[in-house]
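Student: Please model the complete structure; the sequences and the hints are all you need to start from.
Protein chains: 2
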Amino acid sequence: MVEKLYVTYNDVHKLCQESAQHILENFKPHLIIAIGGGGYVPARILRSFLKLPGSPNIPIQAIGLSLYETLPTDAVVEEPGTKVTRTQWLDLTSLGEMKNLIGKKILIVDEVDDTRTTLEYAVKELQKDVEAARQKIGAEGEGSKTEFSIFVLHNKDKQKKGSLPEELINEGRYLAARTVGDEWICYPWEAVDIDEHDEFARQMKARQANGSS
Amino acid sequence: MVEKLYVTYNDVHKLCQESAQHILENFKPHLIIAIGGGGYVPARILRSFLKLPGSPNIPIQAIGLSLYETLPTDAVVEEPGTKVTRTQWLDLTSLGEMKNLIGKKILIVDEVDDTRTTLEYAVKELQKDVEAARQKIGAEGEGSKTEFSIFVLHNKDKQKKGSLPEELINEGRYLAARTVGDEWICYPWEAVDIDEHDEFARQMKARQANGSS
Chain R
1 MVEKLYVTYN
11 DVHKLCQESA
21 QHILENFKPH
31 LIIAIGGGGY
41 VPARILRSFL
51 KLPGSPNIPI
61 QAIGLSLYET
71 LPTDAVVEEP
81 GTKVTRTQWL
91 DLTSLGEMKN
101 LIGKKILIVD
111 EVDDTRTTLE
121 YAVKELQKDV
131 EAARQKIGAE
141 GEGSKTEFSI
151 FVLHNKDKQK
161 KGSLPEELIN
171 EGRYLAARTV
181 GDEWICYPWE
191 AVDIDEHDEF
201 ARQMKARQAN
211 GSS
Chain X
1 MVEKLYVTYN
11 DVHKLCQESA
21 QHILENFKPH
31 LIIAIGGGGY
41 VPARILRSFL
51 KLPGSPNIPI
61 QAIGLSLYET
71 LPTDAVVEEP
81 GTKVTRTQWL
91 DLTSLGEMKN
101 LIGKKILIVD
111 EVDDTRTTLE
121 YAVKELQKDV
131 EAARQKIGAE
141 GEGSKTEFSI
151 FVLHNKDKQK
161 KGSLPEELIN
171 EGRYLAARTV
181 GDEWICYPWE
191 AVDIDEHDEF
201 ARQMKARQAN
211 GSS
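Protein chains in written order, with the UniProt record's numbering: chain R, 1 to 213; chain X, 1 to 213.
It should be emphasised that the hints constitute simulated quantities derived from the structure, not laboratory data.
Honestly, I wouldn't trust all of these hints.
[Claimed, not checked] Straight-line alpha carbon distances no greater than 20 Å define the calculated EDC-like cross-link-like pairs of lysine to aspartate or glutamate that follow:
#1 K136/R <-> D91/R
#2 K158/X <-> E142/X
#3 K14/X <-> D11/R
#4 K205/R <-> D195/X
Tutor: Spelled out as structure tokens, the structure:
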């Protein structure tokens, strides 16, 4: 049986809080890209903790990606759940046709790294768009390198379908606040009864503290 | 002294929950537009409560608006805090160049209606874009009317600088989960110490219950 992992809003808040220092020191993002809907809440919380006194907020751009679950009858070639559809992409106008991303550090935020399919799609497509913009304006050298990093609340330690660029992993630009098993993670924004949800989370933590999980 | 109103994550969750029924029955939105950063969290929660069994999620598009606070030295004509800058707008590609918005019901979500400046900007600009798209494809009649509605967690009962279309108000397409005074609203995603924040909220509610607010 798959264990359910109940995560409260305050848990999410604290996971963002404890990760913020690492992100500030190591990723130094100029821009946050929130993958919606799951990335909206952590991205907004993170923005508060990444704000330095006297500096403006780090801007957030939201993108919308969803895994298209192919039905068994359709599934001839494609693996189920591997097709990503864009419901929103970056606003090119306010980003100066992507030019504003050249040479910048960009933090991609999502709630969970499950199969890694969505994250692979996001990184690859963003890299492609930025590279096209870089070539168009002919920017070269170190200063024109755009660096992507990733933050998720939870990474599921399992066989991944998607993969991330090797240098992103090797250079430590991937951060998961928690690494968990292949559990069913219950995020608070999906809860119908939030008090019951919090109570389940409390019971879960009590069982873990007793070592009887 | 301005009283501080502490709002917990679970308060936000429940405000969305109790408003969802009204939104489903009266606004019937095809699309949610979240005004970021403040609208991200309520929009994501609302999406859960607006999902009907067997139907897909209502898509969310995020837009980014921020009030540009003009400095005293700049302020010759402009009122402070009345200039809105776009940091992100709708993704026209995935919306079929706005065509997909024609004849649809759109729910705009933000956390607070303070001076109404941001909401006025959002509604006016969205109406303008949709109208341009409607004219371009020559759609006419009732079926081509796009209907905007608004949901905020809190409306501050104060003199507003911005205004909303009369018919939006008259036809009951404006919903605030709570109407409050001109208080300083402390949202949880801005809290440094979330446990302290929750404790302040608890004390505030206890004072209110005792009628000694």
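Student: Taking the hints in turn, state whether each one holds.
Tutor: How the hints compare with the structure:
no.	hint	in the structure
1	K136/R <-> D91/R	18 Å, holds
2	K158/X <-> E142/X	35 Å, violated
3	K14/X <-> D11/R	18 Å, holds
4	K205/R <-> D195/X	17 Å, holds
Violated hint: 2 only; the structure is consistent with all others.
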